[in-house]
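Engineer: Sequence:
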Amino acid sequence: MTIQLSKSPIGLDGIPAAETVLSHVDGQQGELIIAGHRVAELAAASGFEGVTARLWSAATKRGISEADVRASLGMARQRAFARLPELLAATSGMSIIDGYRAAVAALRPEPGLDDEATIVGAGPVIAGALVQRARGAQPIAPNPDLSHAADTLRMVRGDTPSTGEVAALDTYLVTVSDHGMNASTFAARVVASTQADLFAAITAGYCALTGPLHGGAPEPVLEMLNAIGTSANIAPWVDAALGRGERLMGFGHRIYRVRDPRADVLKGAIERLAGSGADLPFASEVEAYIRQALRRKNPERVLDTNVEFFTAILLDALKIPRQAFTPIFAVARAAGWTAHAREQQRTGRLIRPSSAYIGPQP
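My numbering puts the first residue of the sequence shown at 7, with every later residue one more than the last.
It should be emphasised that the hints constitute simulated quantities derived from the structure, not laboratory data. Be a bit skeptical, because a hint or two may be false.
In silico lysine to aspartate or glutamate, EDC-like type, Cα no more than 16 Å apart, as pairs [said to hold, decoys possible]:
1) LYS325 / ASP270
2) LYS325 / ASP245
3) LYS273 / ASP245
4) LYS273 / ASP285
5) LYS303 / GLU252
6) LYS273 / GLU47
7) LYS303 / ASP245
8) LYS325 / ASP121
9) LYS67 / ASP32
10) LYS273 / ASP310
Work out the full structure, taking the sequences as your base and the hints as a guide.
Structural biologist: Okay, here's the thing in structure tokens:
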């Protein structure tokens with residue numbers, strides 16, 4: 007028997023897996039378009055509710071307003087809080103990251119709410135409850151009159167955030183709300199293509215997000231900055247790390263061959279966050295030296311700043327615990343996951359790629 011082998015890129019690099027109206031990543035030009043808008047323009051003009059309305063409207067072909075999204079997310083946060091004992095039942099002894107996964111998997115349809123709203127609205131309630139439990143405190147009830155960003159910060163931190171802090175988190179939520187066919191979005195779309203419900207699809211997306219190759223870099227960025235410590239130690243530390251062949255967190259991207267456009271959006275948010283305690287000048291020194299060092303080490307390969315570098319600095323400046331960085335990312339990306347899952351379901355097409363067999367022949 008002869009088995010015909012076909013060559014395909016490992017990891018499906020460059021292979022379109024779907025047609026989408028939701029977002030586009032141009033890795034050569036360093037451009038991210040979300041629902042027809044460049045990410046920098048969208049972050050400047052819209053809050054999280056606005057980008058969510060755009061994504062859901064595009065995915066479902068229904069006109070969904072920002073006001074509708076704000077109202078439904080406020081209601082969904084309340085519903086999730088009422089169900090916290092049930093949602094957290096299986097999370098005892100788990101870390102915040104793992105507890106978030108188990109709680110999301112326990113979500114179910116809510117009467118009078120679209121499943122998209124139920125999922126996105128529950129995110130900050132679950133994250134906040136897990137953070138408070140880790141502190142030995144009780145969960146904080148949501149306030150449906152607040153924006154999603156404001157209520158997220160309030161429930162996670164346990165205090166009233168400033169207007170500037172809310173604006174900074176809102177910028178973050180918008181900036182990372184969607185990003186093409188990344189690993190977690192692909193996982194969500196694969197599950198959605200089976201016509202499984204939205205809750206199963208989003209659980210799959212979050213599970214993919216917890217892997218160290220996708221979404222796991224913000225905390226190590228802070229560890230790197232802490233290890234470097236001072237301006238005088240930047241060059242010796244970086245040169246030694248590169249000499250050992252270590253990967254420097256916050257640099258390089260699977261898709262972008264130039265600077266990640268989201269990095270500058272988040273850097274701007276940090277600059278506007280006056281009095282946050284973030285040492286942006288030092289971080290910028292580190293960034294500049296690492297970029298130069300990477301170019302010297304491998305001039306043929308572009309490894310520029312990615313979104314994780316300034317994500318770490320921004321979330322730390324907002325006093326969000328490091329263990330909650332991944333769940334907070336999921337709070338934002340749930341808007342994109344739910345939109346992609348709905349878009350995939352509407353096609354009625356099962357995602358079923360083939361494989362190239364390289365094993366022994368009979």
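Engineer: Hints first: check each against the structure and report whether it holds.
Structural biologist: The hints, checked one at a time:
For the hint pairing LYS325 with ASP270, the CA-to-CA distance comes to about 21 Å; that exceeds 16 Å, so the pair is violated. Simply put, LYS325 and ASP245 have alpha-carbon atoms about 31 Å apart, too far for the 16 Å limit, and the pair is violated. Under the criterion of a C-alpha separation no larger than 16 Å, the hint pairing LYS273 with ASP245 is inconsistent with the structure, at around 25 Å. At most 16 Å may separate the alpha-carbon atoms for a hinted pair to count; LYS273 and ASP285 meet this at roughly 12 Å.
At roughly 12 Å between alpha-carbon atoms, LYS303 and GLU252 fall within 16 Å of each other, so this suggested pair holds. Simply put, LYS273 and GLU47 have alpha-carbon atoms about 15 Å apart, close enough for the 16 Å limit, and the pair holds. At roughly 10 Å between alpha-carbon atoms, LYS303 and ASP245 fall within 16 Å of each other, so this suggested pair holds. Among the hinted pairs, LYS325 with ASP121 is inconsistent with the structure: their alpha-carbon atoms are about 30 Å apart, more than 16 Å.
A distance of roughly 25 Å separates the Cα atoms of LYS67 and ASP32; the hinted pair therefore is violated under the 16 Å criterion. The straight-line distance between the Cα atoms of LYS273 and ASP310 is roughly 14 Å, inside the 16 Å bound, and the hint therefore holds.
Checked against the numbered hints above, the structure breaks hints 1, 2, 3, 8, 9 and satisfies the rest.
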